[in-house]
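Chemist: These are the residues of each chain, in order.
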Amino acid sequence: MIEIKNKKHTWRLFAGGAIVLSAAAIAGQSVLASLNATAFNTVAENVQAGTMELTLDKSTGSAGFTSPISNLAPGDTVNRYVTLTNSGSLAGRDLKLSVSNAGATSSVITDATKGLQLAVLSCATPWTIATGTCSGGAGAIEIAEKAIGSWSVSNLASAIMAAGDVKYLKFSLKLPDQNETTQNGVAPSPSIQNAAVNLTYTFDLAQRAAETNLNS
Amino acid sequence: MNLIYGVTPSFAGIGGRSVNPLVVSTASWAVVANEVGKPVTNSPYTIIWTVNRGTAYNFFTLKNIGTTKINEFEINISQSQVGGSGKINKMTIELCRNGTWDSATNRCSSSEVVTVATETTSKLIFNLTNNLSSGLNINSEISLRASTGPNLQNTYATTLSTSVSRNQIHSATGSNS
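Chains as they are written, first to last, in our numbering: chain A, 747 to 962; chain B, 539 to 715.
These are computed hints drawn from the structure, not numbers from a lab.
By construction, the Cβ of each residue, glycine as well, lies at the ideal position given by its N, Cα and C atoms.
Any given hint could turn out to be false.
[What the hints assert, rightly or not] Partial list, derived from the structure: chain A residues whose beta carbon lies under 10 Å from chain B:
#1 G810
#2 S816
#3 N817
#4 G821
#5 S846
#6 I875
#7 K916
#8 F917
#9 L919
#10 E926
#11 Q929
#12 A941
#13 L945
#14 Y947
[Claimed, not checked] Derived DMTMM-like pairs: lysine to aspartate or glutamate, alpha-carbon spacing no greater than 20 Å straight-line:
#15 B:K601 x A:E926
#16 B:K607 x A:E926
#17 A:K892 x A:D950
Construct all of the structure, not just a fragment, from the sequences and the given hints.
Modeler: Structure, rendered in structure tokens:
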């Protein structure tokens with residue numbers, strides 16, 4: 747009878763001890779640190795934005811747009827040559843050209859029919875300026891011919907203009923043939939004679955489409 | 539630590555532009571008849587003749603005041619009576635070819651005198667490539683002399699009106715520059 751009582755008492759001691767240990771364990775979690783793991787690149791990843799830049803130059807052997815065109819008579823054509831370079835780091839698309847005119851001294855010079863007409867042609871290689879011919883690729887490709895009063899063309903080149911790409915362009919400015927008679931030194935009014943206008947050529951290149959590179 | 543320098547917006551574009559406007563100008567073509575030593579008047583040239591005796595002379599030039607060489611031009615010539623009666627007097631217009639008339643000595647410096655019109659001439663087509671072989675350059679002149687004899691019956695006027703058309707200068711050209 748006494749042994750049974752003692753056994754019962756021992757079990758209680760163990761239970762008590764377990765309870766004490768659990769409590770200690772629970773109490774211990776609030777003061778002991780948890781473990782973390784960290785990984786990082788020791789060399790910073792360099793991120794740079796691309797650049798977009800168009801460079802317009804006169805072609806070798808041509809005056810380009812740097813010197814005036816003077817003394818045009820009806821029927822005359824003057825050709826000038828320029829190179830357009832994508833000198834940025836990003837490819838571009840949808841090259842656009844617009845021509846603005848200002849300071850016209852006569853309404854005739856910007857007239858849709860009698861005024862200056864501009865044709866722009868492209869060649870895959872530099873133009874032979876002395877003869878105005880294109881011997882590269884598929885030959886001369888006419889992009890557009892319009893009166894300068896309303897010159898604006900989108901998609902001058904629908905293909906991508908990659909970084910470093912160069913376009914060889916011929917600007918052919920023509921004054922349509924027309925007759926005027928001057929009497930005793932006096933021209934009719936309005937007149938195509940002694941007329942002048944300032945032309946500014948503007949190229950615009952859009953950024954290429956956004957890309958997601960999965961395998962770099 | 540990541541470093542970010544810049545982000546390109548998805549709608550960005552850029553342009554190239556010719557910095558200085560390209561100036562384009564056109565030619566002009568004009569010839570005027572003018573009295574020697576007088577400023578250009580841009581009007582018909584009229585000579586009023588009042589001659590009692592001897593021969594009267596009038597020296598004038600045909601000048602290119604345009605910006606391009608002229609190959610040909612026309613002169614309409616008319617005679618009109620200013621006063622008196624009777625028929626119009628005889629009148630002659632002479633070119634001093636490749637030279638100049640001297641009003642003091644009444645001589646042509648080249649000695650090449652060509653009669654180009656009389657009182658019955660109503661239109662004179664002056665083909666300069668024939669008469670001068672090279673056209674009339676900018677600011678160049680042709681020297682002429684008009685003359686008439688005495689007419690006691692009337693006073694009359696000779697009027698010259700010049701005209702130049704586009705097809706009387708150089709033909710259309712194409713150039714690469």
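Chemist: Return the status of the interface hint for A941 of chain A: holds when the least beta-carbon distance to chain B is below 10 Å, violated otherwise.
Modeler: 5 Å, holds
Chemist: Against chain B, is F917 of chain A within 10 Å by beta-carbon distance?
Modeler: OK, holds: F917 of chain A within 10 Å of chain B, min 9 Å.
Chemist: Given the hinted pair K601 of chain B and E926 of chain A, is their alpha-carbon gap at most 20 Å?
Modeler: 19 Å, holds
Chemist: Min Cβ distance, E926 of chain A to chain B: is it shorter than 10 Å?
Modeler: For E926 of chain A, the interface hint holds, since the closest Cβ of chain B sits about 6 Å away, which is under 10 Å.
Chemist: Does the interface hint hold: is Q929 of chain A within less than 10 Å of chain B, judged Cβ to Cβ?
Modeler: 5 Å, holds
Chemist: Can we keep the S816 of chain A interface hint, with Cβ of chain B closer than 10 Å?
Modeler: 5 Å, holds
Chemist: Against chain B, is I875 of chain A within 10 Å by beta-carbon distance?
Modeler: 5 Å, holds
Chemist: Report holds or violated for the interface hint on K916 of chain A, using the least CB-CB distance to chain B and a cut-off of 10 Å.
Modeler: Result: holds, 9 Å to nearest chain B Cβ.
Chemist: Does L919 of chain A pass the interface hint, meaning its C-beta sits closer than 10 Å to a C-beta of chain B?
Modeler: 7 Å, holds
Chemist: Quick check on N817 of chain A please, does its C-beta sit within 10 Å of some C-beta on chain B?
Modeler: Nearest chain B Cβ about 4 Å off; hint holds.
Chemist: Classify the hint on G821 of chain A as holds or violated, based on whether any CB of chain B lies nearer than 10 Å to its CB.
Modeler: Check passed: Cβ of G821 of chain A comes within 3 Å of chain B, closer than 10 Å.
Chemist: Taking 20 Å as the top limit, are the C-alpha atoms of K607 of chain B and E926 of chain A close enough?
Modeler: OK: K607 of chain B and E926 of chain A at ~16 Å, within 20 Å.
Violated hints for the displayed structure: none, as all numbered hints are satisfied.
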